[in-house]
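Novice: Listed in order, the protein sequences are those of chains A and B.
Under our numbering, the first sequence is numbered contiguously, ending at residue 246.
Under our numbering, the second sequence is numbered contiguously, ending at residue 259.
Careful: at least some of the hints might be erroneous.
Partner residues are not named here, just some residues of chain B that face chain A (Cβ under 7 Å, in silico) [unchecked claim]:
#, residue
1, LYS160
2, ALA161
3, PRO173
Cut-off 25 Å, straight-line C-alpha distance, at most; resulting in silico cross-link-like pairs (DSS-like, lysine-lysine) [what the hints assert, rightly or not]:
#, chain 1, residue 1, chain 2, residue 2
4, B, LYS160, A, LYS106
5, B, LYS160, A, LYS100
6, A, LYS80, B, LYS160
7, A, LYS105, B, LYS160
8, A, LYS3, A, LYS168
9, A, LYS3, B, LYS160
10, A, LYS104, B, LYS32
11, A, LYS166, A, LYS200
Calculated from the structure, these hints are not laboratory results.
Every value quoted in this text rests on a predicted model; they were computed, and no experiment measured them.
Note that CB positions come from ideal geometry on N, CA and C, so glycine has one too.
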Amino acid sequence: MPKVVAEGIKKTLGGVLTLQEINIEVEEHAIVGILGPSGCGKSTLFNIIAGLMRPDQGNVYIEGAAVTGNAGLASYMRQKDLLLPNLNVLDNVSIPLVLKGMPKKKARLEAEQHLSTFGLQGFENYYPSQLSGGMRQRAALLRTYLYASGIWLLDEPFASLDAITKRKMHTWLIQVLGQFQPTVLFITHDVDEALYLCDKIYVLSECPTVVKLEVEVPFSRPHHSHTIVDPAYGPVRDTIMDALSI
Amino acid sequence: MRRKLTSIANGAVPLGFVVLLLVTWEYLVRWKAVQEWILPGPVLIARTLAGNLPLILKHTQTTLMECLAGFALAIVLSFILAFVMDEVPLLRRALYPLLIASQTVPIISVAPLFIIWFGYGIMPKIIVVILVCFFPIALSLLGGLAAVDREYLELFRSMKATRLDIFRMVKLPLALPSFFSGLKIAASYSVMGAIIGEWLGAKAGLGMYMTVAQRSFQVDRVFAAILTITALSAALFALVALIERLVIPWNRLTEWRDS
Numbered sequence: 001m002p003k004v005v006a007e008g009i010k011k012t013l014g015g016v017l018t019l020q021e022i023n024i025e026v027e028e029h030a031i032v033g034i035l036g037p038s039g040c041g042k043s044t045l046f047n048i049i050a051g052l053m054r055p056d057q058g059n060v061y062i063e064g065a066a067v068t069g070n071a072g073l074a075s076y077m078r079q080k081d082l083l084l085p086n087l088n089v090l091d092n093v094s095i096p097l098v099l100k101g102m103p104k105k106k107a108r109l110e111a112e113q114h115l116s117t118f119g120l121q122g123f124e125n126y127y128p129s130q131l132s133g134g135m136r137q138r139a140a141l142l143r144t145y146l147y148a149s150g151i152w153l154l155d156e157p158f159a160s161l162d163a164i165t166k167r168k169m170h171t172w173l174i175q176v177l178g179q180f181q182p183t184v185l186f187i188t189h190d191v192d193e194a195l196y197l198c199d200k201i202y203v204l205s206e207c208p209t210v211v212k213l214e215v216e217v218p219f220s221r222p223h224h225s226h227t228i229v230d231p232a233y234g235p236v237r238d239t240i241m242d243a244l245s246i
Numbered sequence: 001m002r003r004k005l006t007s008i009a010n011g012a013v014p015l016g017f018v019v020l021l022l023v024t025w026e027y028l029v030r031w032k033a034v035q036e037w038i039l040p041g042p043v044l045i046a047r048t049l050a051g052n053l054p055l056i057l058k059h060t061q062t063t064l065m066e067c068l069a070g071f072a073l074a075i076v077l078s079f080i081l082a083f084v085m086d087e088v089p090l091l092r093r094a095l096y097p098l099l100i101a102s103q104t105v106p107i108i109s110v111a112p113l114f115i116i117w118f119g120y121g122i123m124p125k126i127i128v129v130i131l132v133c134f135f136p137i138a139l140s141l142l143g144g145l146a147a148v149d150r151e152y153l154e155l156f157r158s159m160k161a162t163r164l165d166i167f168r169m170v171k172l173p174l175a176l177p178s179f180f181s182g183l184k185i186a187a188s189y190s191v192m193g194a195i196i197g198e199w200l201g202a203k204a205g206l207g208m209y210m211t212v213a214q215r216s217f218q219v220d221r222v223f224a225a226i227l228t229i230t231a232l233s234a235a236l237f238a239l240v241a242l243i244e245r246l247v248i249p250w251n252r253l254t255e256w257r258d259s
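Chain B with its partners taken away, still in its complex shape (with noise of 0.2 Å):
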């Protein structure tokens, strides 16, 4: 009981402080410190998001589609290079350091490479998500397949399990936890990836609707839409734990105990 008081004191603290931040930012719009067209109030903002739903939604759509699939690919790649990099030494010592210098080229100078190369559709956009959430993932499951305790390698084969049965049975499951933390990075990272993607130029999408809305200097419409994105980078974040929950169970009863 007095446990799970604490558990609601302990959510209400940092909520009434966004309450608080709310109602002041509130407050110095309408005493008109700060311009409206400038930074328009919390309350116009839900206006402009609640007026302009339908239209939102149809973008939101379209970036949630290219996020979901640059996301899919983006996991296929990985267990795919992940697997033969973790079977075979000499690809992982050739490859690791590529893999790893790779990640300091800033997508955003590269993304429009791939306009020129793919057109205004959504494939560049899937392209640039791929990018974004290929390194996370292979990293983790890289790193989960090789953090594996060599003994239970030794055990297995001690038992004559073929190289298949201990990537099966030990090694996959074992780098599970790992995988689902680099997973659920990239799941938030996915939607930064399709957003600059749209940026460059794109027919539909939250990101074109925000140049369009920065464009004419309708910072309601900016502000709608960035709440738009977190909220649809905070629902991926989400469903990636709650398949964690599903996938992982006994992750969490170490979790318990440990506790």
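Chain A extracted, bound-state conformation (with noise of 0.2 Å):
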């Protein structure tokens, strides 16, 4: 049975018909890509899978159970990292743990036990407008990682960085997704970034919004850097980017 399902979300939002007809899949551990123009309804989705948001039409199953509008089902991270900047890091990557009623002393040694695999050792006490953007995102992910929910919705988590951060973000992410087996829906306007992260990829339209392409990515995880001169990746790339007609 397929973890997460969105079947036959529609969405109108603002007079606009955003969201037309999505159908998304999700199995278990699959690190699942959403590919789209931007303003193509992205958000949107995430925020009814999320919760947040009810379809006009449409359900969303979580382990075939339907779901639709029930929030805190799935962990979520945004392009911000939306770290709070009256907290230290620490209290910051607890906030999940205090939401669920944990005494705030054992939420942070439970979340201290995490700060090394997320590269955050010895930068607890640390302010958020103290940290670099990487090390930032890697905070919110903590959060989200923290959260244990066992999917992750990450919307676009990379995109405000620099070129060079963002591939150091890909390699580490691979290792940590690898050690926590999560399922992952993960939203990018960049090919290249989905074909290296992800196991399947959707390919979204522009407005009104219809899934334009699914895509099993034909590379073994785990992928690593030289993914690119696979000979396979160049025809797969191409499909892609046909479908983005660009």
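Two chains, two separate frames, one set of hints: put the complex together.
Specialist: In structure tokens:
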């Protein structure tokens, strides 16, 4: 049974038909990319899957149960790190645990154990404004992980980073995903990022949005920095580019 | 080192200008270009201030108490109103125009009413201070709460945070810098509010001391009172600025990075 299913999602926002019909299936432990032009409603789709917004039509299923409109079942991470400026790194990443009712001290101890995996060891007492963009995104990802839903919705998490930092984050993310085995939906508008990280890619059309293409990525995980020279890479990339009409 | 020198020079320029101004003032008065009972020189003002210090301090105490009481009550009222208006959009729409419109009523014109209703004690003064302080505090708090990035709210909702959690953990801390800028304005206004209240009739306070001095043409005493009022306003402002540093140290970190 697929872990996350979005079935026949339709949504009109401010009088504009944003999502016409979206069908998406994500297998457990899979990393699925959502690729599309900007303004095609990718974030709206995520808000619906996260249960923050109700679709006009269609349903969201998690592990076979209809959960449309139920928030709190998936961990959500955005392009903005959304760390609270008034809390240090450790308190920021402990937030999901505290919200679940864990005492602050215990939450800090729990969060502390994961700092090194997320490259934040020694920075637990720093405020977000004292960290680099890459570190802030790693802190945001640690917070996402500590929510412990097993489903990660990553909405362009690295879009605001420079090319080199982004590449480093990819390598690191692959390692983290291998360690924790979450089910991931990954929004991006970077074709190479999608091919590098994902097992399956949905290409969305312009507004009103439908799924234009569904591609299984033919490279076996774990991906490495040489993926780009794999003979299968070029044709798959071309297919996606054609679907995006660029 | 160079930076330090520059900052000393930056401070020295306006200070030197003030000294120059005071010296010129004293010089003009000494040379009888202006009568002393119309405009006393800085030296005489300083002497009057020193000579009347115990009396002035006693009046300052009354004024300060009115300021602090009014200020504190204004903060409490602002918090209640801002919370309610932020949580209930309908109330926000209903009350916001009223809040703005209320500011077009000059406080000095309604202050005499409070004297009629509440007499010559400190109560009407506290009310004037509340009225003066309430608007900048409530507005800055409301503005701060409304300016919180919607994505923070969505993120916290996705983590199943309750409305109270969101208010306490997200909205309030993020609104604090804006709140404090309103608070600093209100702190310096609060003294003005108390003085206006005292002008209209009081048993004690710097405003009352001023009116008495003014009626007997003791201009040096009026100046001494003005000086004290200015110092009191500045002190309250500095106090709020200090509290701001202690409450939101993280806000200054961002400033360092940006500079």
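Novice: If a hint holds in the structure, say so; if it doesn't, say that too.
Specialist: Against the structure, the hints:
1. LYS160: holds (4 Å)
2. ALA161: holds (5 Å)
3. PRO173: holds (4 Å)
4. LYS160(B) x LYS106(A): holds (20 Å)
5. LYS160(B) x LYS100(A): This hinted pair holds, its Cα atoms lying about 8 Å apart.
6. LYS80(A) x LYS160(B): Given that 25 Å is the threshold and the Cα spacing comes to 19 Å, the pair holds.
7. LYS105(A) x LYS160(B): holds (21 Å)
8. LYS3(A) x LYS168(A): Not satisfied, since the Cα-Cα distance of roughly 29 Å exceeds 25 Å.
9. LYS3(A) x LYS160(B): Roughly 21 Å separates the two Cα atoms, so the pair holds.
10. LYS104(A) x LYS32(B): violated (72 Å)
11. LYS166(A) x LYS200(A): holds (20 Å)
When the structure is compared with the earlier hints, violations turn up for hints 8, 10 and for no others.
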